[in-house]
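Visitor: The chain contents come next:
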Amino acid sequence: MSFSFNEENTLKIKTLIQSYPQKRSLILPLLWLAQKQDSYICDDAMQKISEIVEIPYMHIYSVVTFYTMFRLKRPQKRIIEVCRTLSCELNGSEEIKTYLDSNHSDEYEIIEVECMGACSGAPMCTLDGKYMENITKEELAKVLK
Amino acid sequence: MITKIVSKNFDIKDSFKIDVALKNGAYSSLDTLFSKKPQELIDTITQSGLRGKGGGGALAGGKWQLASDHKGIKYLVVNADESEPGTFKDRRILSLDPHLLIEGIIATCYAIASHSSYIYVRGEYEEFSDVLQFAIDEAYDRKYLGVDARYRVDIVVHRGAGAYICGEKSALLESLEGNRGHPRLKPHTPSPEFYFSEPTLVNNVETIASVPFIVKNGAESYREYGTEKSPGTLLFAVSGNVNSPGVYEVPFGTGMLEYIEKLGGGVKNGKKLKAVIPGGASTPILPANLIKDVKLDYENLRDIGSALGTGGMIVLDEDASIVKALKNLLRFYHHESCGQCTPCREGTAWSDKILDKFIAKDASRQDLEVLRSVSNSMNGKTICVFAPAASGVIDGFLKHFESEFLECIK
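Residue numbers (the working numbering), protein chains in the order written: chain A, 1 to 145; chain B, 146 to 555.
Heads up, a few of these hints could be off.
[Claimed, not checked] Cut-off 20 Å, straight-line C-alpha distance, at most; resulting in silico cross-link-like pairs (SDA-like, lysine to any residue):
(1) B:LYS469 x A:PRO21
(2) B:LYS472 x A:LYS48
(3) B:LYS417 x A:PRO29
(4) B:LYS437 x B:GLY411
(5) A:LYS36 x B:LYS472
(6) A:LYS130 x B:GLN278
(7) A:LYS23 x B:LYS437
(8) A:LYS48 x B:ASN324
(9) A:LYS36 x A:TYR67
[What the hints assert, rightly or not] Far from chain B by the CB rule (all over 12 Å, computed), these chain A residues:
(10) SER2
(11) PHE3
(12) GLU8
(13) LEU11
(14) TYR20
(15) LYS23
(16) ASP43
(17) GLU51
(18) GLU95
(19) HIS104
In case anyone wonders, no lab produced these hints; they're calculated from the structure.
Backbone N, C-alpha and C define an ideal beta-carbon position, used for all residues, glycine too.
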């Protein structure tokens, strides 16, 4: 099997097992650890998690595919997520998306997402998961150059 | 107007650090807490009239009593999945005053005889849950948590991974149990929730963060704020076409227009107000002429055909396209339906598609009728309230702004 948790994560898993009444609850935390370690969740990682929590692989796969933040493919570029829900749309998120698509899609993967809970900072996006609020094209141009 | 009960430390620099928090009153309710019996605390919460602040508004005392009465190992699960569009208040508590939340968790666990608490934080909030984890670690070091504390409470932060529906308490518990976030069927008699078959209390972050004030000052002090049926305050929020979007805590019963004008800074660019979605995307839209005298409490908003929800108002100005706004929300529902129930899975997708025709000004009268009938097919026919909420959203838009949809008919 080509996937194994690194030493640091193996230690974390030992603590996590103590934190829940049943191993089943470890599925999401372990998927996060696997994704952090590899930048995506490979088949072997799901197999490994299946062994740790003693739940069939198929269940792990069904869980991974339910949640939008888990990735089954290794990202080729850095990721920008642009919020497209109402408060952001009212404050110009479409323009931001168009700008990013036409100027930065070579180096970044531009994804539209639903409400990120940053409506007072609309329009907003994330870069590598970090929130950037009240963004403008000018500011993005500086940050992403 | 602004009344700081939960938000009192928000403006203090570094209040997520325990030393700063302690200087500003953190954990000062614990002496009163441990001088009382658990049942006395539940009674205090019941008398205070504290209502769930995640959107539903159920009486907290009743839920605590159910969890307390049930035999078994008890769990407290704090709902920090905050995903309702227009809502961004809980993240303020997580990152600006996490010790207030921890203090509330200690009190709640003591009241229902639980030693174990999980905080389910939406996956996107990683930076905020990191701050929360830092605060929890410090609270362990200072023996407010863990085996050496006066009353043992353990807190585990559990990250979601991007699913709106996990804010629904039973879906949240399914997710916590390592499953897809599918809501559970509800029992017909009052019952607590269950985490691995053990009785569990699920409360929103802000509800739990309101507890220390009530423990320290008593039920009557809390009732000094707000209205008789909606006592206390809420971290109301405003966003959309306003000058000063943000979270401002005010008592229930504050005038909605006054809030938008004075705290939200009024409509942007001097434009006129067209409509307000009063409490997160799932609450039916209200046109400007209907909200002149509306007060921000559960009863007032219900009476005019909407709901208070999470108190996160989205303001639309006179130039905002109503059709486009509905399209935006239906795309959201389509994307977020968990897919478990057919009326919801199909209905949200279908209504989203129909809206494309209106956007293209290529709709027919029949499309409008189909939209109404799809909405009807989603209402009251599913496991959870997601589809009925989508249905209410469609009905609200059509009821108040039908003419804008008729203009899109070729």
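Visitor: State for each hint whether it applies.
Guide: Status of each hint after checking the structure:
| no. | hint | in the structure |
| --- | --- | --- |
| 1 | B:LYS469 x A:PRO21 | violated (47 Å) |
| 2 | B:LYS472 x A:LYS48 | violated (42 Å) |
| 3 | B:LYS417 x A:PRO29 | violated (48 Å) |
| 4 | B:LYS437 x B:GLY411 | holds (14 Å) |
| 5 | A:LYS36 x B:LYS472 | violated (35 Å) |
| 6 | A:LYS130 x B:GLN278 | holds (17 Å) |
| 7 | A:LYS23 x B:LYS437 | violated (54 Å) |
| 8 | A:LYS48 x B:ASN324 | holds (17 Å) |
| 9 | A:LYS36 x A:TYR67 | holds (15 Å) |
| 10 | SER2 | holds (23 Å) |
| 11 | PHE3 | holds (19 Å) |
| 12 | GLU8 | holds (16 Å) |
| 13 | LEU11 | holds (16 Å) |
| 14 | TYR20 | violated (7 Å) |
| 15 | LYS23 | violated (8 Å) |
| 16 | ASP43 | holds (18 Å) |
| 17 | GLU51 | holds (14 Å) |
| 18 | GLU95 | holds (14 Å) |
| 19 | HIS104 | holds (21 Å) |
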